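S.K.: With chain D's structure known, arrange chain C on it following the hints.
Going line by line, the protein sequences match chains D and C. For what it's worth, my numbering labels the leading residue of the first sequence as 1, then goes sequentially. For what it's worth, my numbering labels the leading residue of the second sequence as 1, then goes sequentially.
These are computed hints drawn from the structure, not numbers from a lab. Treat the hints with caution; some may be incorrect.
What the hints assert, rightly or not - Not the full set, but computed from the structure, chain D residues with beta-carbon under 8 Å of chain C: (1) V171; (2) S230; (3) N283.
Stated by the list, open to error - Only pairs whose alpha carbons sit at most 20 Å apart, straight line, appear in this in silico DMTMM-like list of lysine to aspartate or glutamate: (4) K199/D with E99/C; (5) K223/D with E120/C; (6) K199/D with E221/D; (7) K117/C with E183/D; (8) K199/D with E183/D; (9) K223/D with D107/C; (10) K117/C with E165/D.
Nothing here was measured: the structure is a model prediction, and the numbers come from that model. All C-beta atoms in this analysis are idealised placements derived from N, C-alpha and C, irrespective of residue type, glycine included.
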Amino acid sequence: MAIDMSKYRDMFLSESREHLQTMGRLLVELEKSPDDREGLDALFREAHSIKGMAASMGYRATAELGHHLEDFLSGFRAGGAIPPTAIDRVLAGVDLLEGLIDDLSAERPERDVRPFIVGSTGAAPPSAPPAPPPLADEAEAVGPGNGAVTIPVASGEEILKIVIELVSGAVAPAARALLMLRELAAQGEVLDADPNERKLLQGGAVPRLELRLKSWRAPQEIKDLLLAMSDVARVSCVVERVRPATRQSRERTVRVRTGLLDQFINLTGELVTNRYMLQAAYNEGRDQDMRDGLERLTRLITDLHHHVLQVRMMPLASITGRLPRMVRELEQQTGKEVALRIAGEEVELDRSILEALADPLMHMVRNAVDHGIEERGEVLVSASREKDLVLVEVRDNGRGLDAEAIRRKAVGAGLLSPGQALRMAERDLFPLICLPGFSTRAEVSETSGRGVGMDVVKAVTEQFGGTLQIASERGRGTSIQLRLPLSVAIIRLLLVECGGELLALPITRVLRTLELERAEIRSSGRQMVVPLGNELVPLLSLRRMLRQPAKPVAGTIPVVVSEARGRKIALVVDRLVGQREAFVKSLAFPLDRIAGVSGATILGDGRIVFIIDPQGLLDEGTASGGRSGVSP
Amino acid sequence: MTERNIGVGLRVLIVDDALFMRGMLKDLFIKGGHEVVGEAADGREAVEQYRRLRPDLVTMDIVMPLVSGIEALTEIRREDPEACVVMCSAMGQEALILEAVRAGARDFIVKPFSEEKVLETARRVAKRV
Chain D
1 MAIDMSKYRD MFLSESREHL QTMGRLLVEL EKSPDDREGL DALFREAHSI
51 KGMAASMGYR ATAELGHHLE DFLSGFRAGG AIPPTAIDRV LAGVDLLEGL
101 IDDLSAERPE RDVRPFIVGS TGAAPPSAPP APPPLADEAE AVGPGNGAVT
151 IPVASGEEIL KIVIELVSGA VAPAARALLM LRELAAQGEV LDADPNERKL
201 LQGGAVPRLE LRLKSWRAPQ EIKDLLLAMS DVARVSCVVE RVRPATRQSR
251 ERTVRVRTGL LDQFINLTGE LVTNRYMLQA AYNEGRDQDM RDGLERLTRL
301 ITDLHHHVLQ VRMMPLASIT GRLPRMVREL EQQTGKEVAL RIAGEEVELD
351 RSILEALADP LMHMVRNAVD HGIEERGEVL VSASREKDLV LVEVRDNGRG
401 LDAEAIRRKA VGAGLLSPGQ ALRMAERDLF PLICLPGFST RAEVSETSGR
451 GVGMDVVKAV TEQFGGTLQI ASERGRGTSI QLRLPLSVAI IRLLLVECGG
501 ELLALPITRV LRTLELERAE IRSSGRQMVV PLGNELVPLL SLRRMLRQPA
551 KPVAGTIPVV VSEARGRKIA LVVDRLVGQR EAFVKSLAFP LDRIAGVSGA
601 TILGDGRIVF IIDPQGLLDE GTASGGRSGV SP
Chain C
1 MTERNIGVGL RVLIVDDALF MRGMLKDLFI KGGHEVVGEA ADGREAVEQY
51 RRLRPDLVTM DIVMPLVSGI EALTEIRRED PEACVVMCSA MGQEALILEA
101 VRAGARDFIV KPFSEEKVLE TARRVAKRV
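Just chain D, with the same shape it has in the complex (with noise of 0.2 Å):
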């Protein structure tokens, strides 16, 4: 019986994009060191992998092209170095099997190789003329290997067919088979059954019971399910047809260290035992017993989360593997040296977060080399962890951020007064090249000025809660901070009321918060200050930035530190409600438009509680002219 593969698609092009971007680090690695006798091997494997696993499912002309780079690096195996011309081509390899990839994730014909193929000559060491590429005969050779499963997000109803025989001697075996026919269908649905339910209901003999059934379970758990029913002598169940690929193939695949699904089950055991304890409990009337129960479920719930958001995580790594590729032809195209170092790949993030900044990176990467490095320089990428939030630095040597410049396009655009721009620090400057369309550029640069800007990476990190930071020195060069949550989805938040309104912010965005008396609130020209520390930190009131009528000040006045453009601000509430973990929902349109609102809850009581962004409020401030003080 042949094997249905549609399935495996997924897997299939998820593993392949990855072995793509590991052959591109490799290629741009091998470049610098062509005598990396490792790095040859490893680029070699790769090729193989990908000729392997296109062979096994069936895709002829990738798994042909993954045979012929397999077969051309392996003549520089021989020698232990690989010339920059043979480089090229295999780059060229790497970029054609992208569109392959491409193609068969939109279910096209795989594009033509054998131009490729045959234009071999050249740099190609001599080796034998590519054969064939053998299909699927290694399949078994490749695979995830390493103690870690793929399994896919969700996988395909398949319609099973399915042959019980009862054990000869059976009592009542039509109504055995009745409880089988009820067990199975609450597996799936039962298509069609001989002998039928109608049937079985006058009893009878029943030797055996065929039927077919439509599920989710795989064959043999369905087996296993049937062989522990009493009076049932054999089992048979096989995959019928796989339904057709419809949605299912555009389900995507996450991969699982198997110590993690252990872990899983082992959490839903003991769900299930305090289940048990408190059904117990609540049928005796037993209330500590109940609250204990309670209790033990409140951290079975927080550990099932937490192991949860870890089948989210990925290692930065999953999207830095293209930089060194990008790196390399900026290098190419602008004439500079540039040495890229990339630290902390292994640090991980949700998995939603890496895919909303792999642009980001690489504009902001992009941005260095074109708009930082100078002649020569070294553009160092790296994360590591902070507490719950983790660090993105994109750092760069070079000639750093013009002040003056972003000075002249803010009151050319518009956006300051010159009074205003020459009163700016030059730190504050900073955060307007986040906003759209700002570039000190004069001219739109062929690598920077396309896709996205730094409005963009501004956008996602606070997408999620984060924050971004610039710093810049003449002639040091610049940095640009991104502080991203680990995970999205459920987050602590901390309740304010403000004009008669529940608000939340995010508590990553919460350095303290205070109550002040009147006595400690000092003056700074037209501003409302606190001193914090050895800072003076101007005071907002977070009814005038929602214009609300504002309010007369009687006892103790409760604020909120945050940060908003790199520096803390405190925020003016009427009430501090407390802290509360939630799962926040993103803002559909057109709520998604209103300015300093980042998403939603629902509190346990149903009340809907809008999570507010302090930058995000203060930029409409600005922008519409308003003024968000508090005034003396």
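M.R.: Just chain C now, kept in the frame of chain D:
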């Protein structure tokens, strides 16, 4: 693996008009690590005890005086559609077994019982809660 994690035994209600059958089933369940929370000698008592105890599992004799096992099963399922009731029957009661399954019995065991079969059935049937 999962089973060991469940740890806590089932809370069982035993319904049978024969004292010795109840005793035998009781010993068997206790030996299997479960808890026998109640015993009933007829269908009416079974329904009353179910209402009060809400056990995880009921073993129900089919043929009993006053209110039959099938009537009790129907009554219990009316109150709690999720109720796990396993019928106990003797050979030669195939029509009654079929009727019980139709009325929502989760499974049935046939006398003479094997200890293993009873415990296995209990575990399997009650797992699905």
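S.K.: Confirm or reject each hint.
M.R.: These are the hints, each one checked on the structure:
no. : hint               : verdict
1   : V171               : holds, 5 Å
2   : S230               : holds, 7 Å
3   : N283               : holds, 6 Å
4   : K199/D with E99/C  : holds, 14 Å
5   : K223/D with E120/C : holds, 17 Å
6   : K199/D with E221/D : violated, 27 Å
7   : K117/C with E183/D : holds, 18 Å
8   : K199/D with E183/D : holds, 18 Å
9   : K223/D with D107/C : holds, 18 Å
10  : K117/C with E165/D : holds, 19 Å
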